[in-house]
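The lines below spell out each chain.
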Amino acid sequence: NAGVTQTPKFQVLKTGQSMTLQCAQDMNHNSMYWYRQDPGMGLRLIYYSASEGTTDKGEVPNGYNVSRLNKREFSLRLESAAPSQTSVYFCASSERDLYGYTFGSGTRLTVV
Amino acid sequence: SQQGEEDPQALSIQEGENATMNCSYKTSINNLQWYRQNSGRGLVHLILIRSNEREKHSGRLRVTLDTSKKSSSLLITASRAADTASYFCATDGSGGSYIPTFGRGTSLIVHP
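Chains A and B are the protein sequences, given in the same order.
For the first sequence, the numbering used here begins at 1 and goes up steadily by one.
For the second sequence, the numbering used here begins at 1 and goes up steadily by one.
Everything labelled a hint here was simulated from the structure, so no lab data went into it.
Some hints here could point you the wrong way.
Stated by the list, open to error - Quick partial rundown of chain A residues pointing at chain B, CB under 7 Å, derived from the structure: (1) Gly42; (2) Leu43; (3) Tyr48; (4) Phe90; (5) Gly100; (6) Tyr101; (7) Phe103; (8) Gly104; (9) Ser105; (10) Gly106.
Model, not experiment: these values are computed from the prediction.
Note that the Cβ used here is the ideal one computed from N, Cα and C, for glycine as well.
Can you build the whole structure from these sequences, using the hints too?
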């Protein structure tokens, strides 16, 4: 099925460990986004990539890095995980504002 | 910071009733979108309304936009138990920014 694929779906990390969340879309969208969702906070933008080769910080970028590997793939890296990064992470893609945003199913990350 | 804010935070109704939820935002927008999120899942795009549109329909959904009041409403008619979900509005800026900003959502429970 066409859409946004995120891996892994679940992950438990120890404080200080690193990991990369992967995201790939097959809709030929130019823009991709990483959000985190915490209870009572809605979705907050971490980083986005308006087009291949560009990345920009969102509302809550501290502690994260991203790579727009190619048009399809946009990864999110936690270099040294902290308990405050326990959250559900969503990747999304869009073709600017034409048709709305397509979301992946999320990665549930727990940092202990 | 959230651009859009949904109201009410929670809504509980009986099957067959209509559900209305509202979204207010702070700055001018290009468009406003509504999304649904079922528990533990990613967000699903429902409808997009542009700043020059006042009303839009999609099946049992009706969305209105009042740019003078910086507000939108989502009406779900003849609700079903399957409509139980969280509903989010998302806005982006008219200053050339197409980055979606989400509210905290309205949690809708439809009792069979």
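To see whether the hints hold, each was checked on the structure:
| no. | hint | verdict |
| --- | --- | --- |
| 1 | Gly42 | 4 Å, holds |
| 2 | Leu43 | 4 Å, holds |
| 3 | Tyr48 | 6 Å, holds |
| 4 | Phe90 | 6 Å, holds |
| 5 | Gly100 | 4 Å, holds |
| 6 | Tyr101 | 6 Å, holds |
| 7 | Phe103 | 4 Å, holds |
| 8 | Gly104 | 6 Å, holds |
| 9 | Ser105 | 5 Å, holds |
| 10 | Gly106 | 5 Å, holds |
In summary, the structure agrees with every hint in the numbered list given earlier.
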